[in-house]
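Peer 1: Sequence:
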Amino acid sequence: MEQLPFTRPTIGEEEQAAVRDVLASGWITTGPKAQAFEQALAVYLGGGVDVLAFNSGTSALEAALLAADVGPGDEVIVPAMSFVASANVVLRTGACPRFVDVDLVSRNLSLDALEASIQPHTKAVMPMHFAGRPVELGPIYELAAAAGFQVIEDAAQAIGTRYQDRPVGASGNPVCFSFHPNKNMTTIEGGALAVDDAHMLRRLERIRFHGIEKDDDGNVSVPEWGGKMNLPDVGAALGLAQLSKLDSFNARRRELALRYLQHLPDHDALLAPEDVPGHSWHMFCVCIDFHALGTDRASFMADLRKRGITAGIHYPAIHLFGLYRRFGYGPGDFPNSERIGEQTLTLPLFPTMENEDVDRVCDAIDELLGD
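Residue numbering for the sequence shown follows my numbering, beginning at 8 and increasing consecutively.
Worth flagging that the hints you see were computed from the coordinates, not collected in a lab. Small disclaimer: the values here were computed from a predicted structure and weren't measured. Treat each hint with caution, since some may be false.
[Said to hold, decoys possible] For lysine to aspartate or glutamate, the following EDC-like pairs were computed, each having C-alpha atoms within a straight-line distance of at most 20 Å:
1) LYS313 with GLU220
2) LYS235 with ASP224
3) LYS252 with GLU9
4) LYS313 with GLU262
5) LYS252 with GLU22
6) LYS313 with GLU9
7) LYS235 with GLU220
8) LYS252 with ASP76
9) LYS313 with GLU363
10) LYS252 with GLU361
11) LYS221 with GLU196
12) LYS313 with ASP373
13) LYS235 with GLU262
14) LYS313 with GLU374
15) LYS313 with GLU281
16) LYS221 with GLU231
17) LYS252 with GLU45
18) LYS235 with ASP76
19) LYS313 with ASP303
20) LYS252 with GLU196
21) LYS235 with GLU20
[Said to hold, decoys possible] Just the calculated beta-carbon pair ranges, DEER-fashion:
22) LEU98 with PRO127: 39 to 49 Å
23) HIS217 with ASP296: 24 to 34 Å
24) ALA154 with ASP340: 17 to 27 Å
25) GLY218 with LEU330: 23 to 33 Å
Glycine included, every Cβ here is placed at the ideal spot set by N, Cα and C.
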């Protein structure tokens, strides 16, 4: 029996041909394909935003923080349940992450926790659209306007997600995406940042490439620090081909997710996600009370592998990593994030899965949960 992975990129002949064309052109670093990719993303997102492509979603987040003048002495509010890059980029700027708990089902940050965590040094908040489920953004932006801090949306998992019937990214406040191979579309490694502020856009362009700025005559100056965060044309060409298929990819993901929700067993030890409007279903993550079942996650995952099924873990709670315990965080600080971190299991979900694959996973889960 072929092992079913928890994710797999959907790469066809069109993508392969696009990459071959770039390799044959002799121009493989950032160039015309990257520009075309940025323009196509801007059209896809709408809202009159500008889009810059980056070599990763992590770079996009870091650049957004720097362009918002986040630095030493500032605090950035980050959900404790996210990929660790969400907090690491805050440290890279010299600022301090202030963690908040999340809702147990949506895994998106709790508005009440956010409001309670605002301090005089709060410079920004980075709400994450977990697994493609849209964050309830309206109240967050209202809080930000009243308290005077920046909202930077971590949409690494949310390309194609919609909020109030608009694509996430159309706000341009800024919004950061990732195109890692496990995302809903890929550029191999890569990311993007959507923004509608001309001043911030200019800074982001500098930060993305060594701080360099050129005048109309081609003269170079370096007014501020910049990194090496540009996306090569090889990845951009792949992204252009993927973007044209994104909506169909996401539609299939939704079909599979709904099948999971219909066929997973109703069991006290299992907590499933919810479907909501606009969800792009980057991942399908459940919580399983392994302790109540008399087992542990490693054993449960091993039993799934014996049945030809690979599961993932998304994610351990960030504040419990050794790096962040140095800031005084520890067990008990964020109960929902910690429960998710202990019980989370990511089930297979990718567009080329068959309905029968979902049924096989659900049957395996049902068998392992028992009565």
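Peer 1: Compare the structure with each hint and give your call.
Peer 2: Cross-check of the supplied hints:
1. Annotation: proposed proximity of LYS313 to GLU220 is violated, straight-line Cα distance about 56 Å (limit 20 Å).
2. Our distance criterion of 20 Å between C-alpha atoms is broken by LYS235 and ASP224, whose separation comes to about 23 Å.
3. Our distance criterion of 20 Å between C-alpha atoms is broken by LYS252 and GLU9, whose separation comes to about 26 Å.
4. The straight-line distance between the Cα atoms of LYS313 and GLU262 is roughly 26 Å, outside the 20 Å bound, and the hint therefore fails.
5. The hinted pair formed by LYS252 and GLU22 meets the criterion: a straight-line CA distance of about 11 Å does not exceed 20 Å.
6. The suggested pairing of LYS313 with GLU9 holds, with an alpha-carbon distance near 11 Å, which does not exceed 20 Å.
7. For the hint linking LYS235 to GLU220, the alpha-carbon distance of about 14 Å falls within 20 Å, and the restraint holds.
8. Taking the CA atoms of LYS252 and ASP76, the gap is about 36 Å. The hint is violated against a cut of 20 Å.
9. This hinted pair checks out: LYS313 and GLU363 have alpha carbons roughly 18 Å apart, not beyond 20 Å.
10. Only pairs whose Cα atoms come within 20 Å are accepted, and LYS252 paired with GLU361 is accepted, the gap being roughly 18 Å.
11. The hinted pair formed by LYS221 and GLU196 fails the criterion: a straight-line CA distance of about 27 Å is larger than 20 Å.
12. For the proposed pair LYS313 and ASP373, the alpha carbon gap of about 15 Å is at most 20 Å, so the pair holds.
13. Only pairs whose Cα atoms come within 20 Å are accepted, and LYS235 paired with GLU262 is rejected, the gap being roughly 39 Å.
14. Our distance criterion of 20 Å between C-alpha atoms is met by LYS313 and GLU374, whose separation comes to about 13 Å.
15. With a CA separation close to 28 Å, the supplied pair LYS313 and GLU281 exceeds the 20 Å bound.
16. At most 20 Å may separate the alpha-carbon atoms for a hinted pair to count; LYS221 and GLU231 meet this at roughly 13 Å.
17. Distance hint between LYS252 and GLU45 is fulfilled; the C-alpha atoms sit about 16 Å from each other, no more than 20 Å.
18. As the CA atoms of LYS235 and ASP76 are separated by approximately 19 Å, the hinted pair is consistent with the 20 Å bound.
19. Using a Cα cut-off of 20 Å, the hinted pair LYS313 and ASP303 holds, with the two alpha carbons roughly 16 Å apart.
20. For the given pair, LYS252 sits about 18 Å from GLU196 by alpha-carbon distance, which is consistent with the 20 Å threshold.
21. Using a Cα cut-off of 20 Å, the hinted pair LYS235 and GLU20 is violated, with the two alpha carbons roughly 31 Å apart.
22. Our hint of 39 to 49 Å for LEU98 and PRO127 is violated, since their Cβ atoms are close to 20 Å apart.
23. Look at HIS217 against ASP296: about 50 Å separates their beta carbons, and that is not inside 24 to 34 Å.
24. For ALA154 and ASP340, the Cβ-Cβ distance of about 22 Å falls inside the hinted range of 17 to 27 Å, so the restraint holds.
25. Evaluation of the 23 to 33 Å hint for GLY218 and LEU330 yields a pass: the beta carbon distance comes to about 28 Å.
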